[in-house]
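Chemist: Combine both chains into one complex, guided by the hints.
Those protein sequence lines, which keep their order, are chains A and B. Per the numbering used here: the first sequence = residues 1 to 121. Per the numbering used here: the second sequence = residues 1 to 245.
Check each hint, because a few of them may be wrong.
As the list claims (entries may be wrong) - Below, computed lysine to any residue pairings styled on SDA-like, alpha-carbon distance capped at 25 Å: (1) Lys109/A / Glu127/B; (2) Lys117/A / Asn87/B; (3) Lys99/A / Ser49/B.
In case anyone wonders, no lab produced these hints; they're calculated from the structure.
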Amino acid sequence: MNMSGTLRTSLIIGSILFFVFIINMIRTKKLELKYALIWILTSLSFIIMSVFPETVFMVARILEVEVAANALFLCIIFLLLLMVFALTVAVSRQAIRTKRLVQELALLKAEFEEKNKTSKQ
Amino acid sequence: MKDNNNNTESIKTLIIIPAYNESENLPKLFSALIEAEGDFDIIVINDCSRDNTEAICINHNIKVVSLPVNLGIGGAVQTGYRYALYNNYDIAIQIDGDGQHDPKFIPYLIKRIKEGNHLCIGSRFIENEGFQSSKIRRVGIKYFSWLIKLLTGTLITDPTSGYRACSREVIKLFANDYPKDYPEPETVVTVLKNKLRVSEMPVIMNAREGGKSSITSLKGIYYMIKVTIAILIASISRKTVAEED
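So here's chain B without its partners, still in its complex pose (with noise of 0.2 Å):
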């Protein structure tokens, strides 16, 4: 494959959104999405909505994947990390659909990826501000860090945001593998030990509008359990550097 991205000018960015019933969060996006600065280009990665998620993406002509079964978030995320890999995009962004994510952010996500980081996270708790989440949850946040911190020696203050920018490199990473369900933690652990540099950005999100959070009280604790040993792995796991290109 040809690459003439060499020069800054021509580098390729995606905006990736996966949304599931999303429908009522999708149309604030967008507009953020408009106002936002930098060139960009953005996929929805609708992973089987029951709702008319589809129909409001080509209303607002933003190019939508629709999974034809639903994969879970990772599944659908992972999704628009392989379109990335495809089109030969060198920086993603992935952003929820459900309105928690500014898209004002993205300009400076996409500097720190440019200044050579691989792994840029929006992080909450930088300067905490704006919706700090639960009590409880920020517990369950502070003992990731703290896990993550113990196992690769690098603090990261807000390893569960889903608001991340990549680099080439992690793209590839992703698009080859990529955990089914709560997979933020875990991959920060794998790009960590993939030798990658990843940093935090400070970012304020909100508290959801609509729908609900794909965590409820119930699963807690299964979260808890299946995040830690999913680190533990992929903190022995070999490095896994795609091998194509």
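The shape of chain A in the complex, shown without the other chains (with noise of 0.2 Å):
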């Protein structure tokens, strides 16, 4: 394999970077610890293949793909794919869960104007 010096370079601080912007944001508590796990493990999976490019050779001859980019790309896009349903099923939640709030609040409100308005009379 011959990547050059300066592509791995940058690959390596790239990843680096990533893996402490991360750290950072669950440290600021902008970035909930547990939606961010599986970004801190993508994030040191990058910083493993750029610092040992061999091991996307070896996973490339597990999965038997003859070109190692795309054994990379389908572990990628199959990780993105995951990735986006468990969003989506987050999404749905909290939808769920907002039009319920939204509903009793509204209740709440309605009731205590009521109570208010007659208690005024």
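Modeler: What follows is the structure, encoded as structure tokens:
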């Protein structure tokens, strides 16, 4: 494998920066650890792949994919699909909860105003 | 909770009016409701209207529940059913805020529920009188009618009608679970699948006077696909009768 020195160095630097960025987001409470775990793992695997590019070729061999880049794309697309689907599930759950909250809030507010009105009379 | 509604005289009826920017149509509807026979309470669910829908209800001395964010027709109607559930109503009647539904049919809908039906739908297509909707929409309604007949064996001539009366059982069902948008055909299937009795009653509907329908031609295709899938899912769903009570 002949990866150019500059490409490799920039990949290593980029993936480390990505990892630091995510850790910082969690530290400043901008990301919930529960949802950030998958991103920590992703950024760690980027670091591993850029420091030891052999791992990508190894994975390609295991998957019996001829071109290593294709094995990499396959893995990443699969991971992305999983993550997007998980997000759709999360959004649906949030929508159901928000709807229920809005309804209960509106009913409570109407009842409260009704009580206020009658007590003033 | 205490339940002392065993004698027929103390049956409590609620009229649910979902309203989104309906200030033009509501005053007429309110006066028609006051003229209509029968003993019932009225609640308007104001789905975060941008016009003065809320003020008009207050001026007419009609109870209004205002949603802090827009939930769409399904979420608004469900709020009405939750109100009916919490306040122990025996019958809930849903009527559109846009003036399409004539309140004079309310006593007949109430009668149908008292006769033992769980859901009674006001249908335009039994006597084919009054506003019959456009040709293309009638084709769509026929198709849903056919699909529901195929899946449940029951003929519902006007499954898209939003003019309907519900018994306590159906109020509970809808308070727990009601679709977000285009809910009417889907909920008919849900009620039928729960082995509850659905009947239809001929009504005369008016063409819309102000405002515009929630279904525009652009959304037509999305509507057909979404409702078809919703009906299919509802027909394979398990019984969902409320666990509470």
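Chemist: None of the hints should be skipped; say for each whether it holds.
Modeler: The hints, checked one at a time:
Between the alpha carbons of Lys109/A and Glu127/B the distance comes to roughly 43 Å, so the proposed pair goes past 25 Å and is violated. This hinted pair checks out: Lys117/A and Asn87/B have alpha carbons roughly 18 Å apart, not beyond 25 Å. Restraint check: the Cα-Cα separation between Lys99/A and Ser49/B comes to about 17 Å, which is no more than 25 Å; the hinted pair holds.
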